[in-house]
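Chains as they are written, first to last, in my numbering: chain A, 1 to 271; chain B, 1 to 322.
Heads up, a few of these hints could be off.
[To be verified] With a Cα cut of at most 20 Å, we get these calculated SDA-like pairs of lysine to any residue:
# : chain 1 : residue 1 : chain 2 : residue 2
1 : B       : K195      : A       : K197
2 : A       : K197      : A       : P73
3 : B       : K195      : A       : P4
4 : B       : K195      : A       : I88
5 : B       : K195      : A       : Q145
6 : B       : K195      : A       : E94
[Stated by the list, open to error] Derived, one-sided and incomplete: chain B residues facing chain A with beta-carbon distance under 7 Å:
#  : residue
7  : A134
8  : G135
9  : L136
10 : C173
11 : W177
12 : S180
13 : L189
14 : S196
15 : R200
16 : T202
17 : L285
18 : R287
19 : K288
20 : G291
Because the hints were derived from the structure by calculation, they are not lab data.
Beta carbons are placed, not taken as given, at the ideal position from N, Cα and C, and that holds for glycine.
Okay, here's what each chain looks like letter by letter:
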Amino acid sequence: MPEPLLSADRLIKRFGGLLATDSVSIDVRPGEIHALIGPNGAGKTTLVSQLTGNLRPDSGTIHFAGRDITHLPTHARVRLGLARSFQITSVLREFTALDNVALAVQAHAGHSFRFLADACRDETLRRPARQGLAEVGLAQRADTQATALSHGEQRLLEIAMALAGDPILLLLDEPMAGMGAEESQRMIGFLRGFKGKRAMLLIEHDMDAVFQLADRITVLVYGRAIASGTPEEIRANPDVRQAYLGDDLVPPPSYGGGGRRPEGEGDTKNS
Amino acid sequence: MRTAWRTPRGLATVLLLLVLAVLPLLTQVFDQRYLLSIGTRIVIWAIAAISLNMILGYGGMVSFGHAMFFGIGGYAVGILAHHGIASGWIQWPAGIVAAALWAAVIGALSLRTRGLYFIMITLAFAQLVYYLGAGLEAYGGDDGLNISRSRFTGLLDLRDKASFYWLCFALLCGTLWFCSRFANSRFGLVIRGAKSNDLRMTALGFPVFRYRLAAFILSGAFGGLAGILLANEGAYISPAMMSWVKSGDLIVIVVLGGMGTLFGPLYGAIAFFALEESLPPLLDLGRKGWGEYWQIAFGPMLVLVALYAKGGIDSLFGRRHA
């Protein structure tokens, strides 16, 4: 078994009396897609926020690529190759799609204390940015302002931004949130293309997507990781069935009806 | 860019800069020496407004204490002059460095806050500097201090109004040039991106705080330069040059002219001083004594700009191309 790329060890995070992360340990191995699922309010986003550095755990440690990153600020973790996309679409709205990705490229191209040269004509930034847009199929939309992109396109733009730094681990917080069935399928196909190349921690409500993509699944309920294993193990786990009240965890063998739930509510606790 | 001057905006800007460039000649021909003094103040305030625009317009950092850099630049000149160090070659770098250092200190503290808190904390620091100035009895306290102008012996005599104006105008052009490069530089894009979505910029891997602090220092340094010029313009320093009212005026100028635009602060400074000079006599025409309350007419104008011309005067020339 290869050494895990990311490993969080017994993370604890409290908000007042609420134990949002209850001694959770989770790891992601190189090249694997590890899905994190759980009902609304289970603390998934809180957990991811600790991995990205937006929140500090009250105790526990996080190791990434052989380093203890528990106390590193967010931007330093990103520099090490830990990229994320947000649950709620987060792009630079006033900028064009190309500008968005170019800034993501710039973030990994040394320091930005350069005051005079025109960055909008800097081909060392623009070329990789155009390439990144093309990879997610947004080449035609390069000069469109981010606000004018459809929701699905904005999600793809986010992925392009996350990929710009050539990260070794992607934290995807509900990349399919708010997408239609067709767009979701496009995203699933896209993410599947990374399987084995880039490690991913995928938070997703769409069970179709999770069972199509994940190598391993961890189930979070009330801040605790109640189960972790292969999709087959999770499907058969009685505790997991209990937690989900048997509703939509077990999709029919053919990927027919969607196990989609409403996104968001009560799930975000990023300060 | 090559055809920029053919647009209404470009044409207006070119004409404006031409008029400003020959202003001393015009005021001499028409024998309106008073206008040259207003013109000088407009140019100096425009430099300060551009420096505020770098953080406020491009960076979304609403500093309500920018006039403190007037004070720091001004007092650096005044205090050195008071002690017999008259050379501009010493005074001016000292003023700019002092302003930059002070900006570094208060930036490091205040940039940890956001929104209203940032406004309040910058105001608080400005008030602190204001009362510090008022308490400096050795340098005139509340009353301020008459000073001799900086000396650039053999090069320039700042007592000559036209030379001083041209120096200010040249520095304005330099500031505009820098700001035009800054806005689209890597640094400028980080600052503008952080205004749009700082969480996203952090998630991209930018240490946003560091860049904001650098922008704040840069802005403070240019603000200090404006203070140096202001002290030389009147040959006088006083705490009044850094009162919170002046900080408010600077914000008004930036908003009036157009936040986050290159020439907006210059348009704003011209409009502000034109209104300040013309409204009182106009109101006096209505009835003697009304002129004193010119701000009653000025206030609603600002409200109208805030409501209907969000891009300020700059937006009157039509949409900007990125």
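Check each numbered hint from earlier against the structure, then list the numbers of those it violates in ascending order. Hints 1, 2, 3, 7, 8, 9, 10, 11, 12, 17, 18, 19, 20 not satisfied by this model.
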